[in-house]
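Please take these sequences and the hints and turn them into a complete structure.
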Amino acid sequence: MRIGLIVGFFILALIFGGCAKKSVEIETSSDQTQQVIEEEQTTTVTEGEGISEVVSQSDMGLSEEELKMQKLKAIEAKAKKIYFDFDKYNIRADQVENVDYDANLFNSPDAKEFKIRIEGNCDEWGTDEYNYALGLKCLRRLEPLLYLNQ
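So the number in the numbering used here is just where the residue sits in the sequence shown, counting from 1, plus 393.
Quick caveat, the hints were computed from the structure, so don't treat them as lab data. Any given hint could turn out to be false.
As the list claims (entries may be wrong) - Straight line, CA to CA, 20 Å or less: simulated SDA-like cross-link-like pairs of lysine to any residue:
1) K471 <-> D493
2) K471 <-> L460
3) K473 <-> R395
4) K464 <-> D487
5) K464 <-> K530
6) K466 <-> K481
7) K474 <-> E459
8) K508 <-> E469
9) K473 <-> F403
10) K481 <-> E512
11) K474 <-> L455
12) K471 <-> E459
13) K530 <-> V492
14) K474 <-> C515
15) K474 <-> L535
16) K466 <-> L498
17) K466 <-> L539
18) K466 <-> F507
19) K471 <-> D487
Below, the structure written as structure tokens:
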């Protein structure tokens, strides 16, 4: 009985372990690659009053909504992260520069048309309630400093 069980287990191990996986090959045509390279080469950079904008020749026909989204993504990319110490909500001295930068960015004429939402992450060891309370305290510290859209 034991030998039959061992042989059966060995056969199952060979069946499941011996199956080869199929490899999927992705083919890209050289025309698509060339088109992507040409689009990258036609990009020009222009300076605006507040935020520098990247304008591509293919972007000239974009709708107003798409241009707004590009402007919003540019603002989001320029925003700096603000870090707090572990288990604290006081703004660190090395983060004051980032807070000032973000306040200037969010209050620039280009950002005034958008509603800014601040998001953050807490540590994974705290409970949901604790992390929620700590996040609110951090936000209450930042909100008057950022003076959002007022």
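Hints versus structure:
A C-alpha spacing of about 13 Å is found between K471 and D493, which places the hinted pair at or below 20 Å, so the restraint holds. At roughly 17 Å between alpha-carbon atoms, K471 and L460 fall within 20 Å of each other, so this suggested pair holds. Between K473 and R395 the CA atoms are separated by roughly 65 Å; this puts the pair beyond 20 Å, and the hint is violated. For the proposed pair K464 and D487, the alpha carbon gap of about 28 Å is over 20 Å, so the pair is violated.
Distance hint between K464 and K530 is unfulfilled; the C-alpha atoms sit about 30 Å from each other, more than 20 Å. Between K466 and K481, the direct Cα distance comes to roughly 30 Å. Violation of the 20 Å bound is thereby established for this hinted pair. Between K474 and E459 the alpha-carbon distance is near 26 Å, which puts this suggested pair outside the 20 Å criterion. Proximity of K508 to E469 is assessed by CA-CA distance (about 12 Å); at most 20 Å being required, the pair is judged to hold.
Using a Cα cut-off of 20 Å, the hinted pair K473 and F403 is violated, with the two alpha carbons roughly 57 Å apart. Simply put, K481 and E512 have alpha-carbon atoms about 16 Å apart, close enough for the 20 Å limit, and the pair holds. Annotation: proposed proximity of K474 to L455 is violated, straight-line Cα distance about 30 Å (limit 20 Å). Taking the CA atoms of K471 and E459, the gap is about 19 Å. The hint holds against a cut of 20 Å.
As the CA atoms of K530 and V492 are separated by approximately 16 Å, the hinted pair is consistent with the 20 Å bound. A hinted pair counts as satisfied when its Cα atoms are at most 20 Å apart, and K474 with C515 qualifies at roughly 14 Å. For a cut-off of 20 Å, the pair hint linking K474 to L535 stands: about 12 Å separates their Cα positions. Proximity of K466 to L498 is assessed by CA-CA distance (about 13 Å); at most 20 Å being required, the pair is judged to hold.
Only pairs whose Cα atoms come within 20 Å are accepted, and K466 paired with L539 is accepted, the gap being roughly 19 Å. Proximity of K466 to F507 is assessed by CA-CA distance (about 11 Å); at most 20 Å being required, the pair is judged to hold. Among the hinted pairs, K471 with D487 is consistent with the structure: their alpha-carbon atoms are about 18 Å apart, no more than 20 Å.
Hint check: violations occur at hints 3, 4, 5, 6, 7, 9, 11; the rest are consistent with the structure.
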